[in-house]
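Place chain D with the ligands on chain U using the hints.
What follows is the residue order along each chain.
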Amino acid sequence: MSADASARRSDPILVADDIYVRFDTPEGGVVAVDHMSFDVNPGEFVSVIGPSGCGKSTLFNVIGGLLTSHQGIVSVAGETISGPHQSIGMVFQEESTFPWRTVIDNVAFPLELTGMPKQKRVDRARHFIKLVGLDGFESRYPGELSGGMRQRVSLARTLASEPKILLMDEPFAALDEQTRLLLGDKVLQIQQQLKQTTLLITHNITEAVQMSDRILVMTYRPGKMKRIVNIDLPRPRTSEIVGSEAFGRYVAQIWADLREEASRGMRDQEDHVLHHEAPAS
Amino acid sequence: MSAPARHTALRAYLPPAFGLAVLVGFFVAVEIMIQGGILNRFIVPPPSEIIGSFGRVIVEEHIFSRFMLTLGECLSAGVMLTVFGVAGGVLMHRFKLLQQACETWVAAMASAPIVLMYPLFMVIFGRSSLTIVMIGFIAALPPVILKTIEGLSGTRKVLINVGKSFNLTRSQQFWKILFPAALPTIFVGIRLGLIFALINIVGVEFLINYGGLGQLINDLAERYDLAGTYAAICFVILVSVLFFMTLEKVERWLRPAD
Ligand SMILES: Nc1ncnc2c1ncn2[C@@H]1O[C@H](COP(=O)(O)OP(=O)(O)OP(=O)(O)O)[C@@H](O)[C@H]1O
Ligand SMILES: [Mg+2]
Numbered sequence: 087m088s089a090d091a092s093a094r095r096s097d098p099i100l101v102a103d104d105i106y107v108r109f110d111t112p113e114g115g116v117v118a119v120d121h122m123s124f125d126v127n128p129g130e131f132v133s134v135i136g137p138s139g140c141g142k143s144t145l146f147n148v149i150g151g152l153l154t155s156h157q158g159i160v161s162v163a164g165e166t167i168s169g170p171h172q173s174i175g176m177v178f179q180e181e182s183t184f185p186w187r188t189v190i191d192n193v194a195f196p197l198e199l200t201g202m203p204k205q206k207r208v209d210r211a212r213h214f215i216k217l218v219g220l221d222g223f224e225s226r227y228p229g230e231l232s233g234g235m236r237q238r239v240s241l242a243r244t245l246a247s248e249p250k251i252l253l254m255d256e257p258f259a260a261l262d263e264q265t266r267l268l269l270g271d272k273v274l275q276i277q278q279q280l281k282q283t284t285l286l287i288t289h290n291i292t293e294a295v296q297m298s299d300r301i302l303v304m305t306y307r308p309g310k311m312k313r314i315v316n317i318d319l320p321r322p323r324t325s326e327i328v329g330s331e332a333f334g335r336y337v338a339q340i341w342a343d344l345r346e347e348a349s350r351g352m353r354d355q356e357d358h359v360l361h362h363e364a365p366a367s
Numbered sequence: 003m004s005a006p007a008r009h010t011a012l013r014a015y016l017p018p019a020f021g022l023a024v025l026v027g028f029f030v031a032v033e034i035m036i037q038g039g040i041l042n043r044f045i046v047p048p049p050s051e052i053i054g055s056f057g058r059v060i061v062e063e064h065i066f067s068r069f070m071l072t073l074g075e076c077l078s079a080g081v082m083l084t085v086f087g088v089a090g091g092v093l094m095h096r097f098k099l100l101q102q103a104c105e106t107w108v109a110a111m112a113s114a115p116i117v118l119m120y121p122l123f124m125v126i127f128g129r130s131s132l133t134i135v136m137i138g139f140i141a142a143l144p145p146v147i148l149k150t151i152e153g154l155s156g157t158r159k160v161l162i163n164v165g166k167s168f169n170l171t172r173s174q175q176f177w178k179i180l181f182p183a184a185l186p187t188i189f190v191g192i193r194l195g196l197i198f199a200l201i202n203i204v205g206v207e208f209l210i211n212y213g214g215l216g217q218l219i220n221d222l223a224e225r226y227d228l229a230g231t232y233a234a235i236c237f238v239i240l241v242s243v244l245f246f247m248t249l250e251k252v253e254r255w256l257r258p259a260d
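Taken in order, these protein sequences are the chains called U and D.
With positions in the first sequence counted from 1, the corresponding number in our numbering is that position plus 86.
With positions in the second sequence counted from 1, the corresponding number in our numbering is that position plus 2.
Chain U extracted, bound-state conformation:
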């Protein structure tokens, strides 16, 4: 039983119970997610943090219903899911805008599927475009935008479907530090404004501490739950809070956890490389 179970304020909106994923590869099986359990309360911002390759995206795909070859149960508001669920919205790690649609048509995509009349659709889409700060770019194609702008389009598109739970897989990983901070602020602002239940996958500690109510720290291979950290920092949190002492303590604690895992991961990969290159040299 996880340590925070007693701290539950209300019925969780998302429950992941004993998730286990194993991939079979030519070099043998890889356990990507090893018996992870946690839950997320309505309106809560939870981050999942862990070294590269630990199984974060795999966990994300399980919760989003894209991966069905897993063991364990995911339930949304008490209902067990067995595929993509309409109350879960996903923002992917890779660039995922539709290059053949303009910004507004990208964002209106989920609304189009519900059969919403055109004018209403356009108005709704405009609202979310404004929310991510892209007003003025409605009729541009993604090819004409920067990487950060495209990620905001993806975010707006997912928000437009008004998911009860927002899943984000390192949406800003490919961006520079400044843009990433600004977008982080934006996401946080939107999350607070919409009271959006959010699960953010990241390997950036500062980002996680700044945004989250709770942080789930994962181990490197197999991807297990190492620790759950409650972040008791006052809100609203702007980029200034990053300088505070309490903030620093959280970062240091998680950094210590992750350093252990990351170095284990590096060693593992080095062994792997040496092992495979030995015969050739």
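Where hints are given, some of them may not hold.
Derived DSSO-like pairs (lysine-lysine); straight-line CA-CA distance at most 30 Å [said to hold, decoys possible]:
#	chain 1	residue 1	chain 2	residue 2
1	D	166	U	272
2	D	159	U	250
3	U	250	D	178
4	U	206	U	216
5	U	272	D	159
6	U	310	D	166
7	U	206	D	178
8	U	272	U	204
Cβ-Cβ distance ranges computed for the label pairs, FRET-style [unchecked claim]:
#	chain 1	residue 1	chain 2	residue 2	range
9	D	185	U	116	32 to 38 Å
10	U	123	D	185	41 to 47 Å
11	D	152	U	154	25 to 31 Å
It is worth saying that the hints were derived from the structure and are not from the lab.
All C-beta atoms in this analysis are idealised placements derived from N, C-alpha and C, irrespective of residue type, glycine included.
Same frame as chain U, now just chain D with the ligands:
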């Protein structure tokens, strides 16, 4: 005009200017070799004579109505190509067994000289425009099918996942994600197909001595009007180049920035 601007302008015009210069240089060299007796003027007519016979060929041989005929055949084949080629590609992508069974021989067909089967087509369709269109169509089908499959299976995984995450049905997944994602590649296939069709159509017209530009070349050659024959060949080449350029323009216009 500033120096860098002049530099970029030069950059833009230099390659085509150079290309043209090479062409002109080649013709001048041929002309000189013929005048100097190195080349036999009864095999290769002097370029000046070819240029001189352009007007005659255009006026006396109704080149524009012939051109329209060939173009019409080409476009008919193009419509069929688009319908059947894309549909074929979609089916083969949809049913993997069909793809595994057929993809290799469709690819083999792409490199086979289908024109040589014209007697068979003549038996089926008669000595008519229909034969010509059908050969153009069959010969150009493989690139359209192959490019359609390539486009559909090349759709980025994450875009398919976006569709899944929005709970798209199978047909929505196809029409809203796979097909638009594949469209640029499908256009390339159709463009290649139309070029294949043009080549084959002119070839068959020549072989069966029927119809548009191909027949004209055949006619002029049989009359031993060498300069006229070469003028007609030049005209066909010109048409192909223009056709190719137009298709590229249309393609660029059809697909938005990406
Ligand atoms: N489809 C698959 N087949 C085989 N192995 C896979 C597959 N998907 C992921 N893996 C393996 O599972 C492990 C976890 O991958 P995952 O993508 O979840 O990592 P991640 O934590 O998201 O990493 P990153 O931070 O780099 O995005 C990796 O070792 C990866 O090699
Ligand atoms: Mg990942």
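Hint check:
1. With a C-alpha separation of about 27 Å, the suggested pair residue 166 of chain D and residue 272 of chain U falls inside the 30 Å cut-off, and the hint holds.
2. Our distance criterion of 30 Å between C-alpha atoms is met by residue 159 of chain D and residue 250 of chain U, whose separation comes to about 25 Å.
3. Distance check on the hinted pair: residue 250 of chain U and residue 178 of chain D sit about 24 Å apart at the alpha-carbon level, within 30 Å; holds.
4. For the hint pairing residue 206 of chain U with residue 216 of chain U, the CA-to-CA distance comes to about 15 Å; that is within 30 Å, so the pair holds.
5. With a C-alpha separation of about 28 Å, the suggested pair residue 272 of chain U and residue 159 of chain D falls inside the 30 Å cut-off, and the hint holds.
6. Of the supplied pair hints, the one linking residue 310 of chain U and residue 166 of chain D holds, its CA atoms being roughly 27 Å apart against a limit of 30 Å.
7. Taken as a hint, the residue 206 of chain U and residue 178 of chain D pair is honoured in the structure, with Cα atoms around 20 Å apart against an allowance of 30 Å.
8. This hinted pair checks out: residue 272 of chain U and residue 204 of chain U have alpha carbons roughly 28 Å apart, not beyond 30 Å.
9. Here the CB-CB span from residue 185 of chain D to residue 116 of chain U is close to 36 Å, well matched to the stated 32 to 38 Å.
10. In this structure the hint that residue 123 of chain U and residue 185 of chain D lie 41 to 47 Å apart at CB holds, the actual value being about 44 Å.
11. Taken as a hint, the range 25 to 31 Å holds for the pair residue 152 of chain D and residue 154 of chain U, whose Cβ atoms sit roughly 28 Å apart.
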